[in-house]
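All chains, full assembly: derive it from the sequences and hints.
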Amino acid sequence: MNAGAALAAVILASTIIYALLAGADYGAGFWDILCSGTRKHEQRRTIERAIQPVWETNHVWLILVIVLVFSGFPEVFSTMCVGLAVPLLFVLLGIVLRGSAFVFRAYFVGVPAIQTSWGRVFSISSSFTPFFLGIIIGAISCDQVIVNNGISLNGFLKTWWGIFPVCVGLLALMLFAFLSASYLTVEADTVELQDDFRIRGLAAWAASVFMAFITFLTAGFSAHQIRNALMSLRVLPVVILAICVSLAAAHSLFRRRFATARVAAALQVALILLGWGLAQYPYIIRPNLTISNSQAPNNVLVALLGATAAGAVVLLPSLALLLYVFKRRKVYSPSHRNSTMSVTKESGL
Amino acid sequence: MVTELGRQPWIIYHLMRTRDAVTSMPNLSLTFSLMTALYILLGVITLWLLAHHVIVLPKQVNQKPGEVTG
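As they're listed, the protein sequences go chains Z and S. Start counting the first sequence at 1; every next residue gets the next number (the working numbering). Start counting the second sequence at 1; every next residue gets the next number (the working numbering).
For the record, the hints were derived by calculation from the structure and aren't laboratory data. What you were told as hints is all true, and nothing was included just to trick you.
With the C-beta cut set under 8 angstroms, the calculated list includes, among others, these residues of chain S facing chain Z:
no. : residue
1   : T23
2   : S24
3   : M25
4   : L38
5   : L42
6   : I45
7   : H53
Which bits of chain Z does chain S cover? Going by a derived footprint, with three or more residues having C-beta under 8 angstroms, they are:
no. : stretch
8   : 80-92
9   : 96-104
Just some of the chain S residues that point at chain Z, by a computed CB distance under 10 angstroms:
no. : residue
10  : P26
11  : N27
12  : T31
13  : L34
14  : M35
15  : Y39
16  : T46
17  : L49
18  : L50
19  : H52
Note that CB positions come from ideal geometry on N, CA and C, so glycine has one too.
As structure tokens, then:
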């Protein structure tokens with residue numbers, strides 16, 4: 001394996017981790033606006049408590065992806081920044097707005113009306129961000145993004161506003177919603193709340209299966225090559241495994257085995273992205289940019305891989321500690337846990 | 001500001017000029033002003049909130065510490 005392919009694998013791995021962690025935060029934001037019924041406030045509190053300690057940290061992975069693409073595959077970076085400027089702008093807007101709105105909602109204490117408005121901003125921006133992230137994934141897979149000498153051949157809309165990228169965008173949103181609901185069943189501290197998120201999870205699962213089917217159909221019109229690659233012997237085993245894991249996830253959620261469902265849902269999303277990455281190989285942006293024709297000089301790639309490995313030594317244990325502190329299994333009684341939770345939060349912030 | 005202004009007109013010193021590095025995407029002023037306006041708005045809200053929390057809220061003794069974590 002050469003350095004370019006190794007770096008591409010690191011980028012794909014970070015993308016997968018970003019989807020598993022931050023994807024669930026986006027999904028939680030999507031559910032925030034759909035909180036309803038008698039337990040509306042409890043649902044919202046569960047969501048808030050679940051994402052509060054981790055939502056900023058989870059963007060580390062997106063930053064890693066951006067930096068590695070920027071330095072390792074400059075041609076890809078410039079092509080995306082020109083051809084996909086519009087969806088990237090929406091992603092940026094969404095990330096900025098959801099973060100600020102989430103924090104503002106928490107700080108506007110005592111003014112419920114303003115808190116509701118910020119909650120709405122948080123939820124809407126959390127929903128359109130994964131949609132546009134999915135659109136970007138779809139657009140670079142379907143031969144639309146072609147940039148020559150800084151001029152985008154398909155303008156600034158036709159590069160991404162097509163039936164296939166839009167379907168991938170909706171699929172990403174539904175997958176993140178499913179992922180998030182499965183995580184939230186484990187975070188919920190009453191049986192009723194678990195049920196609320198269980199129902200939402202099953203609905204999102206059905207919607208994501210439907211969207212996956214539609215996406216596959218529309219790929220027949222506008223993204224033949226990625227569809228053929230997904231059906232090739234190299235990728236098909238991953239696709240089949242993803243389908244099996246997806247069924248297992250829905251089944252465990254249905255049977256209330258929430259811990260298993262959480263793992264299966266995460267594995268499903270990881271396998272889908274892995275399958276996409278394998279199908280895309282050796283391309284990064286179809287039809288022109290491959291790993292080998294867009295990579296930086298070899299010494300830069302080796303240095304980047306070294307720097308990433310050194311960074312991982314610091315990053316991974318810190319993240320593991322963060323998740324251990326905030327996400328370990330509940331071992332206290334609810335009342336005791338609540339008091340210790342607020343103490344840890346205070347010292348953590 | 002010293003590093004950024006002092007380096008002009010180069011974006012990478014003696015290698016690439018800033019005007020050669022700017023994106024070829026049109027209507028740049030539109031996105032630039034949109035993002036600038038958004039950041040100014042968010043900045044003002046943040047300042048107001050911080051001021052509010054430091055000046056007004058300590059007078060309210062019934063404030064629970066757990067409520068104001070972000």
